[in-house]
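Chemist: Protein chains in written order, with my numbering: chain G, 53 to 395; chain F, 53 to 395.
A few of these clues could be false.
Same chains, same names: a pair is fine if it fits in one copy or spans any two.
As the list claims (entries may be wrong) - Here are the computed lysine to aspartate or glutamate pairs in the DMTMM-like style, where the Cα-Cα straight-line distance is at most 20 Å:
1. K227 x D364
2. K227 x E362
3. K227 x E357
Think of the hints as simulated: they come from the structure by calculation, not from any bench.
2 protein chains.
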Amino acid sequence: MTLILALDFGGTKLAAATVNVGSRKWLRYERRLSPANANASTDLEIMRSLIYSLLEDAKPAAIGVSFGGPVDASTGTVRLSHHVAGWENIPLKGLLENEFGIPVGVDNDANVAALGEHRFGAGQGYDSLFYITVSTGVGGGWILNGQPWRGAGGMAGEIGHMVIDPAGPVCLCGKRGCVERLASGPYMAQNAREILENVDAPAASRSQSVPEGKVAQRRGGLRDGEILRGLVGDDLTLLTGQLVAEAAAAGDDLAKEVLHKAAWALGVGIGNIANLMNPQRFVLGGGVTKAGEDFWRVVRQVARETALPEVDFEVVSATLGDDTPLWGAVAIALLANPEFANE
Amino acid sequence: MTLILALDFGGTKLAAATVNVGSRKWLRYERRLSPANANASTDLEIMRSLIYSLLEDAKPAAIGVSFGGPVDASTGTVRLSHHVAGWENIPLKGLLENEFGIPVGVDNDANVAALGEHRFGAGQGYDSLFYITVSTGVGGGWILNGQPWRGAGGMAGEIGHMVIDPAGPVCLCGKRGCVERLASGPYMAQNAREILENVDAPAASRSQSVPEGKVAQRRGGLRDGEILRGLVGDDLTLLTGQLVAEAAAAGDDLAKEVLHKAAWALGVGIGNIANLMNPQRFVLGGGVTKAGEDFWRVVRQVARETALPEVDFEVVSATLGDDTPLWGAVAIALLANPEFANE
Chain G
53 MTLILALDFG GTKLAAATVN VGSRKWLRYE RRLSPANANA STDLEIMRSL
103 IYSLLEDAKP AAIGVSFGGP VDASTGTVRL SHHVAGWENI PLKGLLENEF
153 GIPVGVDNDA NVAALGEHRF GAGQGYDSLF YITVSTGVGG GWILNGQPWR
203 GAGGMAGEIG HMVIDPAGPV CLCGKRGCVE RLASGPYMAQ NAREILENVD
253 APAASRSQSV PEGKVAQRRG GLRDGEILRG LVGDDLTLLT GQLVAEAAAA
303 GDDLAKEVLH KAAWALGVGI GNIANLMNPQ RFVLGGGVTK AGEDFWRVVR
353 QVARETALPE VDFEVVSATL GDDTPLWGAV AIALLANPEF ANE
Chain F
53 MTLILALDFG GTKLAAATVN VGSRKWLRYE RRLSPANANA STDLEIMRSL
103 IYSLLEDAKP AAIGVSFGGP VDASTGTVRL SHHVAGWENI PLKGLLENEF
153 GIPVGVDNDA NVAALGEHRF GAGQGYDSLF YITVSTGVGG GWILNGQPWR
203 GAGGMAGEIG HMVIDPAGPV CLCGKRGCVE RLASGPYMAQ NAREILENVD
253 APAASRSQSV PEGKVAQRRG GLRDGEILRG LVGDDLTLLT GQLVAEAAAA
303 GDDLAKEVLH KAAWALGVGI GNIANLMNPQ RFVLGGGVTK AGEDFWRVVR
353 QVARETALPE VDFEVVSATL GDDTPLWGAV AIALLANPEF ANE
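In isolation and in its complexed conformation, chain G is listed as follows:
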């Protein structure tokens, strides 16, 4: 049996697992939360202890790493972490190769997830796909010709900051109407909060830019935001994207409006990307994609309307769930060791 070691530096958590090549079942699996004052050194120390605890005397044939932040995948150097201090220019691949003497592959979590879904999940058998994670942020990773496409500077996949509505709300990046500004969980919560705080204003003032389409229309019924307010006991600081989705599923019109706008933004982004790159599949993962059938219906409908009729594609759910980074890391490890080129 040939062993693979998969590592996930996830920002707030660290995970490691081992698997035999060809198997889809973890041999061993360890997970820890990053401590409150984590830095790169403490993260590396914790990961090292996880690894030695997992491996005991076994020796893996390759290591794959998913890192939650920008990585130069060609050298395996972490550029920085947005969550944990001290990760600037850490040669993670080099450190692990020196310590374990085996091939190591390192990439950012979106590219790793794309590769994981391609190899083991919803992208199996598809040579071209775009993986999109819709969670606290919105990011993506490409598979083209069966291989990761990372871009000239390793920056490809940034659907999150594609401008969808130039008259939309201002994003953290400074632009207006980015996909992330409209579709990420925290921003959905913010959008709902702003509407609730301003609930007596006429509805028309709330969506100046997006034309009143089928998906954004009011359906009448439950009073705006009633259910959503109930879920947080009127404390709007407690709103989350997940609660918006729950309220929408329970029939809350205001929550539906916010959720539909997020789905609309994702759908326009996907349709634009279908026109531009014509991949076979879009694979969507992350917390927001658990928002229910209504969300998926709008995403698919808007994507289909935005793409040219001749452009075929499917929009499907990721299937690897919470283990996406680790299964992606296995795929990266297999790429890193030329012996496994055809595994």
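With chain G fixed as given, assemble chain F onto it according to the hints.
Modeler: Chain F alone, transformed into the frame defined by chain G:
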């Protein structure tokens, strides 16, 4: 000397040329306008006569073809022409291979232009680029890893129908605010005409959706549309994209507004694509890109503002000019014959 035959089925014109492998100077060159009632048969007959007139007794080593319409490049079959009847499902590669007994490559004009600029023009030495033509339509072609990327169904490159402004004017495709709707020559002319026909309306009503940015602001000066009206002797049916560009260069504020909106749309599209694919270069060709420094300044500024700060790219002018399809056809021919893989 090894001879290459390059063919261009351009919709309204047909061209053929020969060149020796390694040379950048045409040996012979012929061009004809398509007749008014052209169909696929007459186009093929004219092209055949051009070819035999060019070749005399010489025998080329490969043929490359640029076709102005959708092509299945894997089989070299034309899907249809938007300009000339009867091209549906014509196996152009097969016809030429049967007649001349040598390798033939056929692709649509945007992919061919991308390959031509990559091999002989502004894309030399760049492994990843997106070629954009801005003319009567707006289209594009990809080079990734030094090879054409055509998409799963051969439809990649459709920047023209990327939605940039969901509250913008309605495009022929049925959507609002596509790049082509805002930036193509004929639509620029239409936008100018509509403003002139409605010139007494307050300026604010003319751009409801795009925020008043630096580029769209009025500068005062010449009265709106005066120069533009003069260029067409007040006959607004004579307006063209080129005249809009000329009037803008001469200081006409209304023409500048239309041109800047086109440049803005292209810039947003380029910035979005830079975030998504991170290519090294954007190479822009086509009549609208001759609109002058002001146009280029806005395109580059908006593209830079739209892309994330970490995403590097250049926006440059195509250099092959009117011969782009034929030089691209040479590149396609070299790809079609494995002997020239390293030429």
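Chemist: My question is about K227 and E357: at a cut-off of 20 Å on alpha-carbon distance, are they close within one copy, between copies, both, or neither?
Modeler: Between. Shortest inter-copy distance 8 Å satisfies the 20 Å Cα cut-off; intra-copy 25 Å does not.
Chemist: At 20 Å max between alpha carbons, let me know whether K227 reaches D364 within a copy, between copies, both or neither.
Modeler: between (30 Å within a copy, 17 Å between copies)
Chemist: Using 20 Å as the alpha carbon limit, work out where K227 and E362 are close: within a copy, between copies, both or neither.
Modeler: between (31 Å within a copy, 15 Å between copies)
Violation of the numbered hints given earlier is absent; every hint is satisfied by the structure.
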